[in-house]
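Using the hints, position chains B and C against chain A.
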Amino acid sequence: MKVRDKTYDLNEPVIRIRDLHLAFGTHKVLDGFDLTLHKREDLAVLGKSGSGKSVLIKCIIGLLQPDSGSIEVLGNDVSDIEHHALDQVRARVGFLFQSNALYDSMTVRENLEFPLRRHWIQLTPEESEAMVMEALGNVGLAETVDLMPSELSGGMRKRIALARTLIPDHGPRPHHEPGDQRPHGGDIREVPHQLHHHIPRHEMRGTNLRKRGRAAQRQVPRHGDRG
Amino acid sequence: MRTSRNHLSRLGAFVLAAVVILIASLFLIGRYQHLIGSHLALRARFSNVAGLRVGNNVRYSGIEIGTVRSLRIINDTTVEVSLSVKGDMANVIRRNAMASLGADGLMGNKVVNIVPGNGAAELVQDGDLLASRGSVEIEDVLRTLSGSSENILDITDGLRSTVDRINRSEGLWKLLQDTILGENLRRASRDLATTTGNARELTADVRGIFEDVRSGKGPVGTLLKDSILSYNIRGTIRRMESVAAHAERLASELESLSRKVGDDYSRQRGVLQSALRDTALAGHVSRSLRNVEDGTRNFNEDMEALKHNFLLRGYFRRKASRRVDSLPR
Amino acid sequence: MSNIRSFATETGELSRFAARVFAETPKPGFEWRELLRQCYLVGNRSLPLVGSTAFIMGMVLTIQLRPALLSYGVESELPYIVADAIIREIGPVITGLIFAGKVGSGIGAELGSMQVTEQIDAMEVSGTNPFRYLVVTRVMATTLMLPLLVVVADAISLTGCFIGLNIRSVTSLPLFIDDIFRYLEFRDVFPPLVKTFFFGFCVGTVGCYKGYNATKGTESVGKSANEAVVVASMLIFLLDLVAVQVTDLLGLN
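Protein chains in written order, with our numbering: chain A, 1 to 227; chain B, 1 to 329; chain C, 1 to 253.
For reference, chain A alone in the conformation it holds in the complex (with noise of 0.2 Å):
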């Protein structure tokens, strides 16, 4: 399968989901769920603990497989694609994780460089100091760059959990925030307006608080637990 250019109709939706069905055993957590993102919109999902918000999240970046049902990123059909192709759509889309997932044996600097080590970028380490540099800069934390994440306080890992997924920087950018994490040095909801500014994007972020939903420009709810 192809990947279809980045340059992409304005109209034509970024994440069209249809009638998507996921179960683990018998309890049912995806039950015939729809959902359409178009260009430059903010969506977050709204539900309880155990809805299927993460399942959700996980199936649109394909480390999930899904029953049934059909999901398009990009215009691609991740439930159905080849492993190549799957990753060409995933390096265009961001996604920050609940608890980080900074690699913990790795500097600042390795952590945000790994994303490039897919095969397909052939960068001189010049260019990948750069781009690394810039995500950082745009976090606000240049100065961490040779830390370890475990010398780092909770919010500025968060940071820079954003920031790697600021360096593969094509299409919409799924994050994913428990909402416990409080930012350092100022609101993190601040960063991803600012980065608005910096970079055309999409953004959808599930959490379980809804004051937290305020950030994004619709909402989604996710009704109670279906299982």
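Hints are computed from structural coordinates only; laboratory data are not their basis. Check the hints yourself; a few may be wrong.
Examples of chain B residues toward chain C, derived with CB under 7 Å [stated by the list, open to error]:
#1 Ile21
#2 Leu28
#3 Tyr32
#4 Lys86
Where a beta carbon is used, it is the ideal one built from N, C-alpha and C, also for glycine.
For chains B and C alone, coordinates are given in the frame of chain A:
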């Protein structure tokens, strides 16, 4: 980046150290196994290799110089042994050297001994066939030893009965009056004393040897590990046999003497008085007789002990069963 | 019954995991840098522990065996007997067990915590195959480094043996080396060396399997580490049993 390079060099040092140790030990093993470096192939033929195996050591004058490469049966009575020895031995071993089989002790591995021959000869070349010599087998030694001891037993028995007859002979009184006969008898009993003395020495020797074996100077295997000892045993046996022959001669001499005395007595030709006065001679004779008896008893005890020695028990048991088998039904 | 069944399932999954290691290894884009880093962590970092235990083992074995050999009058064989015991069995197995304890648990805990904190998912999303980046490199590192560690440990053990000999009597180094290598053969060295590759593979695979399959929660990280050591140690003994029978069949004992 700098730490990673540091790690890399330390990793390299570790890998190099391990590889060097491995290669060095493999090289050492190879050198001892003569797989590395030049080596010389020699052959020897035996009728029986007595459990020799591939990998057993080859010695030249007691020094390890190589290993047995292969064993091949040439025909129904010949086994060819291929030896691989150090290459520089080509300047030492001569064509007249002899190969023989030996053992590292009674239970130890078999070894091939190469012994230099007498006189001058050309140096060996690769693939040469060495002359071989039969090995000294402990069974052979023991068989001879036991045969000899039986001979001695028979002889001393004969000797005793002869002397008894002399003792009881009434003709002796007559005989002792005859000076020529008296002189003869004195010489004969002197000879007898020497012979019994020899016999006693011998039994002491044999006993000493078996004491050594029993008390385990080193592991039991020392018995044949030490080829000097096996030569000693053979020497002892030879001497024992000559003593036995001597004693036999002596006994027959005495018997003929006593027969003569008996004849004299019946013909009433008496020279008895001189003998009656000669108490020294009587004491001499009876001491000799005691010596012979002691020696015989000692020898019997030694042979008995030998039979009970755990190493040799099997041998004697086999021997006993053979004797039973050969009894007429 | 359910225990037996879960044991069988576990064995099957472990086997599939091991097969996947083989399947993924020859694919292009090998992680050389990570392999070297893991080799350093697995090899060099274990060296002090492995070396000190090996040294003590060689020395204690020598001192303890000496009276027994003395009573048989074969004290001169002591270096060879100790060397053969160390090279054939004690070196590989003791080093393997210590390796399982140190490296197996380390891998189990590291991969377990990476799984729990979604670092493995993050790698997947970042376009790096985590199995190849984390598992294949670690298994290869343990497989390659354990034999080298065993070789070094054997050498250190024999140093301990040499010192142990010289506590009670005097043996010169050349005589010591001669005593050992006079009888040592290639078949004393090669089968143990080959089995250590399997030991290393087993420690790496079990550690990765336990870590990779950790479930959510910090408790499962500790469990992964613990189970990795237990299973790897068990497997080392099983492999040792298989190895002795194979070498016996090949006539190498």
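Now for the hints, and whether the structure bears them out:
Residue-level restraint check for isoleucine 21 of chain B holds (minimum Cβ-Cβ distance to chain C is 5 Å; threshold 7 Å). A least Cβ separation of about 4 Å between leucine 28 of chain B and chain C falls short of the 7 Å threshold, and the interface hint therefore holds. Interface hint status for tyrosine 32 of chain B: upheld, as the beta-carbon distance to the closest one in chain C is roughly 5 Å, under 7 Å. Look at lysine 86 of chain B: its Cβ only gets to about 14 Å from chain C, farther than 7 Å, so that hint breaks.
Hint 4 from the earlier list is the only one contradicted by this structure; the remaining hints agree with it.
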